[in-house]
Structure formats: C-alpha cells, structure tokens
Amino acid sequence: MTRKPVTGADVCVVGAGPAGTIVADRLAASGHEVVVLDAGPRFDPDDRIRRQERSIRPSFSRPDVWDGDAERDAYTSSGEKGYPLNHARVKGVGGSTLHWQGMVMRLHEDDFNSRSARGVGVDWPIDYADLRPQYAEAERELGVSGASDNPFAPPREEPHPMAAFPPSYSDSLFADACEELEIAMHSVPNARNSESRNGRSACVGYGTCQPVCPSGAKYDATVHAEAAERRGGDGHRPRTRPAARTRPRIGRGGRLRDAGWRDS
Amino acid sequence: MELTRRDATIALAALSSGGAAAVGLRAVRERDDPPDRLDDDAVVSAMIALAEVLYPSAVSGVEPFVETFVTDRLEREGHGEALRATVTDLNELAVAWHDAAIDELSPAAREELLREAGADVADEVPDGTTAERVRYFVVNELLMALYTSPTGGELVGIENPQGHPGGTDTYQRGPPS
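So the protein lines, in turn, are chains A and B.
Per our numbering, the very first residue in the first sequence carries number 1; after that it's consecutive.
Per our numbering, the very first residue in the second sequence carries number 1; after that it's consecutive.
One-sided and incomplete, this derived list gives chain A residues near chain B with beta-carbon spacing under 8 Å:
{"#": "1", "residue": "56"}
{"#": "2", "residue": "169"}
{"#": "3", "residue": "204"}
Note that these hints are calculated values from the structure, not bench results.
Beta carbons: idealized from backbone N, C-alpha and C, even for Gly.
Kindly generate the complete structure, drawing on both the sequences and the hints.
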C-alpha cells in the first residue's frame, strides 16, 4: 500500500469498515480520488487459515486472531459497567466485519417509532419506508442469503439476493420443540454466500465465521476496499493507510480542515 | 475408526498452507539443524509414539496420519523449529527419566512421561515452560490434527468439525443411527 502523504484528494474516509469502504467504492466509481485511513493494518488474505488455527487453539484470545494490540487499542470505560471493546472490534482494513457473524436483520417498523409504539426511547424522523430501498441496496452490496419466513419481519418488496441456507439438523430438533410449545421459528438473513457470487466463494462450512472466514464466503469490508481499488484508474486510485490514531482537525465553521495520522 | 493420510491432508488444508503438496513425498530433510535437535525422522517417530497413547483406542491408522501431518508442520516457518525443539526437550526428559528415547518407551511409559512433564495439567503456551510447550506442540497439536479431520469428527459425532470445510450439507445430517 502507498504510505506517502496524499495531497489533493477529494475525500478522506476515516475507518475502512463496511460504511467507509462502501462510501469509498461509490466515490471512486464516480471519479473521485479517495484516501482511506484506518487504525490497523491491511491483512493478507492468505493468512486467514493461520488465523483460523488461532481461533481454534486455546492459547490465543479473540483479539489475538486479528493481531489486536492492547497498547495500541487502549480504551477507557466510564460508569460501572465495563465493555470488552477489544473483543468486539477488529482494527484493520475490513474492520469488525472481519470477525462478525454476518447476521443482518432489518429493523422492525416499530424500531423507528419506539416512543409512540413502546413508550421508550424516541421516535426517529425517518420511517422504515424511507430506508426500505436502501436496505435492499445494502443487501445486494453485501450479498445476503435469506428466506421470507419471518412473520415478524417488516415487509420487503423482493426476495433476498440469495436463497437461505437450508435448515440444519439441530434446527429440525428445535423446530419440533417450538411447534409443541407454539413458538414461531424462522430463519435469519445472513451476509454469507449460499452460492458463488461476484467472484466470492459459496460457504464451504469451515464453521468459524466468528472470528475468521478463510473462504471469503462471509461478507467483510475488504470486499469493498478491493472493489474501490479496482475502480481506481491512474488518477483515481484509492489508498489505505495504517495509522494508530487518526486526528481529524476541524477548522472554522465546523468544516474538516485536515486529517492526520500517527504511524503505529 | 481408521485414520488415513487423506484425513491428515484435510486437517492440514484446514490448518496450514500447502497441505496437499506434502502428500506422498517426504520433504528433503534439512541437514544443517543445530546438533542438539532431533532430526525430522526422529521427531516424526516420537510424535507417532505419543499419538498412539494420546488418541482414543477406537482410532487406527495413526502412523500414516501423524507422519503426513507432522512432516508438513515441520516445514512450516517458525512453527516447525519450535515443534522440533519441544520434542527434543521432551525426548531428553525421556532419556533422563526412563533411559530410552520416546519411541522406544512402552505405551505406559510414554503416557507417564507426558504426565511427569506436566503436560496433562499445563495450559498450552507456545513460548512457555517445557510443560506448556509440550501441551502446545505435542498434545494439543496432535489432538487438533485428529479433531479437525473428518474421521476424528465422526468419532465424537460431529459430522463437520470446526476448521474442516466439509460443505454446508453436512450440517443437515443427523448423527449416524
């Protein structure tokens, strides 16, 4: 990766997770020069099989799988409850999607109007209907396998981009029990390929989605980091840069003046 | 339940790069090993002898399985040298305490050796004490090889053990009746 300062970039994206890389990809597609900063490294896809061994062996903790560094990733918790932040996040290109499970449920309609519907929280200024087209677009970007068998899910206009995974043997055991107890049972949409799609493998059943998918069937944001790179012609090549801390500086009028980094 | 070289190849494919390439050909041995290290043939023999007491008695075919697996792991950068050093250390304990190399000990003595070394109670730590390294590079190494292979998974009723890319259809099968 290029690690020299960039002048004249149109856009600087801070954080190479799904939001940042999808934005970078879209901007690069429309001809903008994009710089992406991230606090962690760019991982070699060929190392995933070794990371998987770390995920299986007991001597490695969850942060070890993706080279977490307690000093670099130091954080504080305020209040009485601690939060194991470094077990929940991955720093590097791809971000926490590198170790997520990939469950991508749309919010319920009531989630947008929680105060009115449930008496807690706030009503948002947008409704499910406002986001519905974006949900469908995001599901296409990530590649989501799902079925329309959830009686509680909000309405959707079209099926998921890929068919759902068939129920597992253990699902069938739960299905019998749930039926007897009259509990509705349904699948959950998953950002994991049930078939080969856009150059990415179908799931081969490694069984280690969390914390690492060696086959690439599970979506992670490296998909869009790479897509953004491919968009780059000579003059519009997105670049990523590892940095320990990004320091956006806000100038007068609330405009971002520049963003620096400190090498880790 | 018989382990095969294919099981080892599949376990290797899950755990390292280049598993398939190692099948059928014993790689050329490095001859410039430090003189105090066991050579690779001796490491493989020791690991086979130890697997014979570590693996459940229902498992057969241990020798070709472990030979294929360990030969490949010895080639792995960093890991191979640490594995070699750990088996050498354990072998020195075998000679000191039982007057014989690991692969010359009776099965009962091999099991006793692992316990005397503390590997039965130690946690695995790749750069730890001898007991912790034996746990990492010998005991858990061999157990991981077994239980990421299809035959090892079947042994404990898991059709698709973690780390083995057995395909999603395996999840749909129940245990053999």
